[in-house]
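Generate the whole structure from the sequences, applying the supplied hints.
Protein sequences appear in the order of chains A and B. Everything in the first sequence is counted per the working numbering, starting at 182 for the first residue and increasing by one. Everything in the second sequence is counted per the working numbering, starting at 3 for the first residue and increasing by one.
Derived from the structure by calculation, the hints contain no laboratory data. Bear in mind the structure is a predicted one, so any value in this text is a computation, not a measurement. Don't be surprised by glycine CBs; every beta carbon is placed ideally from N, CA and C. Hints should not be assumed to be uniformly reliable.
[To be verified] Examples of chain A residues lying across from chain B (beta carbon under 10 Å, computed):
#1 S221
#2 E236
#3 R238
#4 M397
#5 A399
#6 A417
#7 V427
#8 E479
#9 F492
#10 T500
#11 E504
#12 R509
#13 N517
#14 S518
#15 R577
[As the list claims (entries may be wrong)] In silico DSS-like pairs for lysine-lysine, Cα to Cα no more than 30 Å straight-line:
#16 A/K502 <-> B/K53
#17 A/K428 <-> B/K53
#18 B/K53 <-> B/K29
#19 A/K233 <-> A/K344
#20 A/K502 <-> A/K344
#21 A/K502 <-> B/K17
#22 B/K148 <-> B/K36
#23 A/K428 <-> B/K17
#24 A/K496 <-> A/K344
#25 B/K17 <-> B/K53
#26 B/K53 <-> B/K36
#27 A/K496 <-> B/K148
#28 A/K428 <-> B/K36
#29 B/K29 <-> B/K17
#30 B/K17 <-> B/K36
#31 B/K29 <-> A/K496
#32 B/K36 <-> A/K496
#33 A/K233 <-> B/K17
#34 B/K53 <-> A/K233
#35 A/K233 <-> B/K29
#36 B/K148 <-> B/K29
#37 A/K496 <-> A/K233
#38 A/K344 <-> A/K428
#39 A/K428 <-> B/K148
#40 A/K502 <-> A/K233
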Amino acid sequence: METNSPSKGFTIPIGPQHPALKEPGFFKFVVDGEVITGASVRLGYAHRGIEKAAEQRNWVQDLYLIERICGICSHIHALAYCLAVEQLANVQAPPRAQAIRTLVAEMERIHSHLLWMGVSAHEAGFDTLFMFAWRDRERIMDMLESLTGNRVNYSANLLGGVKFDVDAAQAQSIRSGLDYLEERIRHYQDVVTHDEMFLQRTRGIGVMTRSLAEVMGAVGPTARASNVPRDLRATAPYAAYSQFPVKMILDTRGDLEARFEVRLEELLESIRLIRVILNGLPESELTIRLPRRIPAGETVVRLEAPRGEVFYFIKSNGTDKPERLKIRTPTICNMNSVVRLAVGHQLADAPMILAGIDPCFSCNDRMVEVSKVKDGSEHSMTWQELRQYGIDYYRRLSK
Amino acid sequence: MNTEEILSLAEQIVKSGDWTTDVSRPKANQLDVKVNVVHELLPIVEGLRAKHLDYLSAIVGLDLGLQANEIEVLYFFCPEDAIVVLRVRIPRQNGSLPSLCEIAASAEVFERELREMFGIEITGLHETEHLYLPDDWPDGVYPLLKDFDPSMISTQTEKA
Chain A
182 METNSPSKGF TIPIGPQHPA LKEPGFFKFV VDGEVITGAS VRLGYAHRGI EKAAEQRNWV
242 QDLYLIERIC GICSHIHALA YCLAVEQLAN VQAPPRAQAI RTLVAEMERI HSHLLWMGVS
302 AHEAGFDTLF MFAWRDRERI MDMLESLTGN RVNYSANLLG GVKFDVDAAQ AQSIRSGLDY
362 LEERIRHYQD VVTHDEMFLQ RTRGIGVMTR SLAEVMGAVG PTARASNVPR DLRATAPYAA
422 YSQFPVKMIL DTRGDLEARF EVRLEELLES IRLIRVILNG LPESELTIRL PRRIPAGETV
482 VRLEAPRGEV FYFIKSNGTD KPERLKIRTP TICNMNSVVR LAVGHQLADA PMILAGIDPC
542 FSCNDRMVEV SKVKDGSEHS MTWQELRQYG IDYYRRLSK
Chain B
3 MNTEEILSLA EQIVKSGDWT TDVSRPKANQ LDVKVNVVHE LLPIVEGLRA KHLDYLSAIV
63 GLDLGLQANE IEVLYFFCPE DAIVVLRVRI PRQNGSLPSL CEIAASAEVF ERELREMFGI
123 EITGLHETEH LYLPDDWPDG VYPLLKDFDP SMISTQTEKA
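Here it is as structure tokens:
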């Protein structure tokens, strides 16, 4: 993923303990003065060999392994796996189980988007918004805990259904939590579209045209902010999304501001959807019995995770273990586009462009080395220093 | 276009040239295309792109085992909710495939993965550095092959 030969200018390596929770990456930016002229990425620092490990565990053990791929979107991975195994076994989870799966998936989307908004605001130097977003995220985490017993790794899914039911009291507490969140999100919408300082960091920055998004295979809110209609909940409904249809949120501008607006609008859509699901939970069993043996065969499952399309391919050979399990997460698709987008921008915009695709930031203390190619001298910056540099740069500009 | 129209269009494309493909429909929304000759892969993908069916969702490698002595590579093109799978088989040793990067830029990461996990040579791929595996990963050891033995590797940290 290199966009230019790094022969000219300074090379600034960022990472490897940099942007992602499950995929910390190593970015190399080539700069000519302030302007980025080339960028490349190296992944794999958290590669745990899960695809291989899954081949050595049985179908039930794999569910618990898969759920631990990601701490932010653990539900969507377990859901993809369960749907795939159910397809192989040729059974369908009961309607109430499917609705509860959808409910948890949307609650997970709310907590993930709020987490992203906080991190992005922090990268822009808007720490007030970061604190508020994460405070409000606690509310949805509490709701998830009251429902599933866990703040992360909710473990809602079983092969053939879900583990828990939603009773009237839980539904009521979720509803009142949603009322609070809806009010807060409307306020944040106002903030990110009207705060002049913040708009300087987002408006017209990191613009991805529709054609570039399509060519680079961007997915999720990153693609939808560039008007690419890719939302599997709407185009290829799974679980209970055909009974509870979702509206696809699109924006034509493709810049960071659009990515904020798309995700905030999706939060409101998720809140609407959760209310509809709670009001219309179908009555049925929570689980269905799976055959003891999973028949041989192949299956593909594509779901809409908070960050975009997640792709599962499972091949069964009729034994108690899968023959092959392939997982493709959304960040890998969006990472392609980041490298392209950064070229031509100011170095100060790099943190925001990276954060813009929501690559699950986890490590705050990242080391950045600045090598001066011309005179051979080197000095180091921490990630905070680079971030601060970005903030100061825009402060100087606005004076 | 609905799913049916997408799939029949894709079927039309893969049957249009003088290509030796076998086409089947294992599921209502899925078209399986066996590409029997490796060099026909690129023109078929070009054909899909011309009709805007070129959203590449993933490339999956499958080791069919020592007995079959082949690796199957599956290219998943997923326009809307349809799935078009191109299946290519190559020998387990010294197999090579043409790179899709010129046609579908998003293929690069998947091809780099195939290269380091299965040892498939991708001709025309510019970036051949490791993507996922450590820099000190031994040459010629491919973890997703069925005969991979973890004791074949010893990383720097273990040595130290």
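Which numbered hints are broken by the structure, listed smallest first?
3, 7, 10, 15, 16, 21, 23, 28, 33, 34 and 39
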